[in-house]
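Here the protein sequences come in this chain order: A, B and C. Okay, so the first sequence: first residue is 23 according to the working numbering, each after it adds one. Okay, so the second sequence: first residue is 23 according to the working numbering, each after it adds one. Okay, so the third sequence: first residue is 23 according to the working numbering, each after it adds one.
Hints may be right or wrong, so weigh each one.
Given that identical chains are not distinguished, each listed pair holds provided it fits within a single copy or across any two copies.
Said to hold, decoys possible - Cross-link-like lysine to aspartate or glutamate pairs, in silico, DMTMM-like; alpha carbons within 20 Å at most: (1) Lys164 / Asp99; (2) Lys156 / Asp132; (3) Lys94 / Glu33; (4) Lys156 / Glu28; (5) Lys156 / Glu60; (6) Lys164 / Glu60; (7) Lys156 / Asp106; (8) Lys37 / Glu60; (9) Lys156 / Asp44; (10) Lys164 / Asp111; (11) Lys164 / Asp110; (12) Lys164 / Asp106; (13) Lys156 / Glu33.
If you are wondering where the hints come from, they were derived from the structure by calculation, not from laboratory data. Remember, predicted model here, so these are calculated numbers, not experimental data.
Residues per chain are reported as follows:
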Amino acid sequence: MAIDLETRHIEFSTKGRTHIIDITDMVQNEINESGFTEGQATLFAIGSTTGLSTIEFEPGLVHTDIAAMFNKLAPYDVPYVHNDTWGDDNGASHIRSTLQGSSLVVPFVDSNLILGTWQQIIFLDFDTRARSRKVVVQILGKR
Amino acid sequence: MAIDLETRHIEFSTKGRTHIIDITDMVQNEINESGFTEGQATLFAIGSTTGLSTIEFEPGLVHTDIAAMFNKLAPYDVPYVHNDTWGDDNGASHIRSTLQGSSLVVPFVDSNLILGTWQQIIFLDFDTRARSRKVVVQILGKR
Amino acid sequence: MAIDLETRHIEFSTKGRTHIIDITDMVQNEINESGFTEGQATLFAIGSTTGLSTIEFEPGLVHTDIAAMFNKLAPYDVPYVHNDTWGDDNGASHIRSTLQGSSLVVPFVDSNLILGTWQQIIFLDFDTRARSRKVVVQILGKR
């Protein structure tokens, strides 16, 4: 069976300030619609204040503990040269994004993403305002 | 020569608390057994307290310096909402995992992983207890 | 149209100490020369004091804000067991590299990398000295 590739994407709205969204079902849905059975979904988040990763998607981690770590590492409301230069307020958003990374590859077999029982795929919006977001889902494998 | 894909995995035991394991030989072995000559190994660590990356695998970095960085960023023995909610003790493990990332793609040519001389592939177990771990190794390329 | 794969690389000089280089045009050039139209560029940085990510490539972030974050997380001029063991001075470089990650996958369509308007691909050199660097660019997709 020959390997094929299809470039799809998902879109959704975010609230910013390290808003974390569970995108597992959206990614799984793209695999289902594509008809691929074994392969990998390459996710790439468009925009320089975004992040992709996995987490146990429960409110404590998602709403408080992750934010606390990032606030220690790169607080929002302190001076950044980026903010001073551009009259912007999202310097923290950019450096969080660079460290987190905006690319993720997740394999699937029998048309199902291979994830742990308590492991979901997340999009992290580090920007300081609500936005409309787009994540490329490039599917590669066997149909 | 047509491109093909094969989904394999490796399994091993870990001790937790940011236990770092060199999995380079295990990944290379999967490439050897698969018979692929040029392509990429996509690694995905199952579980939400895991991490994947590369390092110069020497005791100072592996046993002390990496742990010290993570202890500064997300100490184990401080309160987390995750722990309060679920009577758990691994809030730090989860947020380390999300920041580190559980996906890694390493190319190979002439059946050999392309790595620096002092660069090994590592699995990081951030959990607070010994576990049995599974990493998907999806190999894609030419045989 | 069958999927194909080609392993290429880019080379450049770096100054170290978290020197950040915009490699977007170099990666795009490899795609152009390869003749692929739709697929993904898998980047892998050779060496254990390297990093890959994306950023809005403007001087404030690139020269100051990112460095400040890493200096907080893993300062250069403090003791590391790695330095004590090997008479080296780049312990901070290694742990920054492991956390940042040295692998990145970016999709392209119509022969163009899919990136945000203010999102560039960067190489981060965390080492403490000037170096010559090599990044594998493995291109996978349709010609």
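* Could you work out which earlier hints the structure fails to respect and list their numbers in ascending sequence? => 1, 3, 7, 8, 10, 11, 12
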